[in-house]
Amino acid sequence: MSCSRVSVAPAAEPAHTRVSARNLAGLRRYLWLRLRYPRLRVGLFFADRGAEIVVGPRARLCVGRGVRLMRDFSGHFDGVVTLGDGVFFNRGCTVVVRHSLAIGDHCLFGEGVSIHDENHVGGPGVTSLAARGFVAAPIVVGSNVWVGARAVILAGVRIGDGAVIGAGAVVTRDIPAGVLAAGVPARVVRHLPGCRP
Amino acid sequence: MSCSRVSVAPAAEPAHTRVSARNLAGLRRYLWLRLRYPRLRVGLFFADRGAEIVVGPRARLCVGRGVRLMRDFSGHFDGVVTLGDGVFFNRGCTVVVRHSLAIGDHCLFGEGVSIHDENHVGGPGVTSLAARGFVAAPIVVGSNVWVGARAVILAGVRIGDGAVIGAGAVVTRDIPAGVLAAGVPARVVRHLPGCRP
Amino acid sequence: MSCSRVSVAPAAEPAHTRVSARNLAGLRRYLWLRLRYPRLRVGLFFADRGAEIVVGPRARLCVGRGVRLMRDFSGHFDGVVTLGDGVFFNRGCTVVVRHSLAIGDHCLFGEGVSIHDENHVGGPGVTSLAARGFVAAPIVVGSNVWVGARAVILAGVRIGDGAVIGAGAVVTRDIPAGVLAAGVPARVVRHLPGCRP
Chain A
1 MSCSRVSVAP
11 AAEPAHTRVS
21 ARNLAGLRRY
31 LWLRLRYPRL
41 RVGLFFADRG
51 AEIVVGPRAR
61 LCVGRGVRLM
71 RDFSGHFDGV
81 VTLGDGVFFN
91 RGCTVVVRHS
101 LAIGDHCLFG
111 EGVSIHDENH
121 VGGPGVTSLA
131 ARGFVAAPIV
141 VGSNVWVGAR
151 AVILAGVRIG
161 DGAVIGAGAV
171 VTRDIPAGVL
181 AAGVPARVVR
191 HLPGCRP
Chain B
1001 MSCSRVSVAP
1011 AAEPAHTRVS
1021 ARNLAGLRRY
1031 LWLRLRYPRL
1041 RVGLFFADRG
1051 AEIVVGPRAR
1061 LCVGRGVRLM
1071 RDFSGHFDGV
1081 VTLGDGVFFN
1091 RGCTVVVRHS
1101 LAIGDHCLFG
1111 EGVSIHDENH
1121 VGGPGVTSLA
1131 ARGFVAAPIV
1141 VGSNVWVGAR
1151 AVILAGVRIG
1161 DGAVIGAGAV
1171 VTRDIPAGVL
1181 AAGVPARVVR
1191 HLPGCRP
Chain C
2001 MSCSRVSVAP
2011 AAEPAHTRVS
2021 ARNLAGLRRY
2031 LWLRLRYPRL
2041 RVGLFFADRG
2051 AEIVVGPRAR
2061 LCVGRGVRLM
2071 RDFSGHFDGV
2081 VTLGDGVFFN
2091 RGCTVVVRHS
2101 LAIGDHCLFG
2111 EGVSIHDENH
2121 VGGPGVTSLA
2131 ARGFVAAPIV
2141 VGSNVWVGAR
2151 AVILAGVRIG
2161 DGAVIGAGAV
2171 VTRDIPAGVL
2181 AAGVPARVVR
2191 HLPGCRP
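Just so you know, the protein sequences line up as chains A, B and C, in that order. With our numbering, letter number 65 in the first sequence gets 65, and the count goes up by one each step, no holes. Count along the second sequence from 1, then add 1000; that gives the number in our numbering. Count along the third sequence from 1, then add 2000; that gives the number in our numbering.
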């Protein structure tokens, strides 16, 4: 990356506040979800084309303001799910919650990110994998966390405030606040500017 | 992962045996595939919304009972494809077969898994990459194998019974039975409980 | 990979030159894009089902002959984008350009590849991540480059002619011509046959 060629682009005006065909369709999807799961009490959020949310009997949802789930988002919620204000999931993300997931304010998730708070019970055996059920553990993500495209976050991890998870990383252990973590499995690469080591 | 917070959820009743709009649409997709490729002789399987299967002239398919290809599955079959009973591909998987692919019973594939038994012929040259054709080698996956989300399985590898492939792993070499393999490229991390080292 | 089982399949006749329902729908999508962004002057290309191209005010597009953007391609173009002849993006690729992206002739991109010439400005802070804007740097990809499935190419990198990027790799630094690079982050694995070290 040659610094001489770097340019800083201003962030676009948030597209979810305009009146548009896309946003009206998102509103229709939101209302449909409320009708389908009347016991859920969630504030308004934006669900884009192809977004699919399946809510199980043990689900409790708490959704902040300005949450956007972009195209082809896939959510299977059968636990306690908390999404802070302004949380943004880019296209094609998958979130499966059987125990609990808490995400702080203003977190951004790149396209194709997967979050799973559950694991199958692997290994050979007499019973099939699908019949063995799942082992789940809570996931906690702080505020202002940016998760790069196609990263995977697995059961039981905590990610601190302001951390950056590199594209394609697989987070299998806790990541502290204010660091860049990357790789498979994800390791701390460096502290971000302005964050004490 | 704090063990004190771990919960074990029972596996859901298999959704593919209910009469539902989704399953009837899946049946329509299956019948359309049979009509389009009359020489194929495959048992009933479930193909979800957006599933796309292209069958070439050299394809031979053998599909077990209870196979499910979830949303946006993409299959390009121009070789010998064998899928065991209960094989499950979660959303957005891609399977390209030009030589052969054999998958044992009850294997589970997470969302966004790619399986390719072919490679382009890389490097610079006078002819374009697309005009150089492919080199293919068979892939064999045992029974009760669980492949994590967004993993990639490449040409010529064998994966043993009961192995677990970590999320985001790229499998370039053989993986023995009963181990957890992860990383890019995938390496054996440990033997699973109950599996002799 | 046992060499004795390797077979070489001939490349299929290019599907984009046939008259088919899929190609006619692609033509309709192309014409719609031209109508929506009349100031763009781009040659004919193929955009498959679900392809979505958003063009910003600062975008300049230069598209070669026989370019194909397969199913669910997602392009956000707000910079200078140059695609050479015969460039092929398989399904589910994401390309975000705020500064510039130049791709040479006959490059092939596997399914689910992400290209981003921009980064968020990470770390904790008072303002939200989304309000901080982006830092962008140009990406240059040579000719006859093959990028494997689900790889990610990040801001400011150059990839030389005839390089092969392994599946699932995350390219964070420059890759020279004629090599195979793989891993997270991507490193040179070996020189390709016929390429001097």
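Some hints could be false.
Below, a sample of chain B positions facing chain C; criterion: calculated Cβ distance under 10 Å [unchecked claim]:
| id | residue |
| --- | --- |
| 1 | Gly1112 |
| 2 | Gly1123 |
| 3 | Leu1154 |
| 4 | Pro1193 |
Which bits of chain B does chain C cover? Going by a derived footprint, with three or more residues having C-beta under 8 Å, they are [as the list claims (entries may be wrong)]:
| id | region |
| --- | --- |
| 5 | 1081-1088 |
| 6 | 1113-1120 |
Derived from the structure by calculation, the hints contain no laboratory data. Think of the CB as a built atom: it goes at the ideal place given N, C-alpha and C, for glycine as much as any other residue.
Subject >> Violated hints - listed by number, lowest first >> reply: Result: hints 4 and 5 break, sorted rising.
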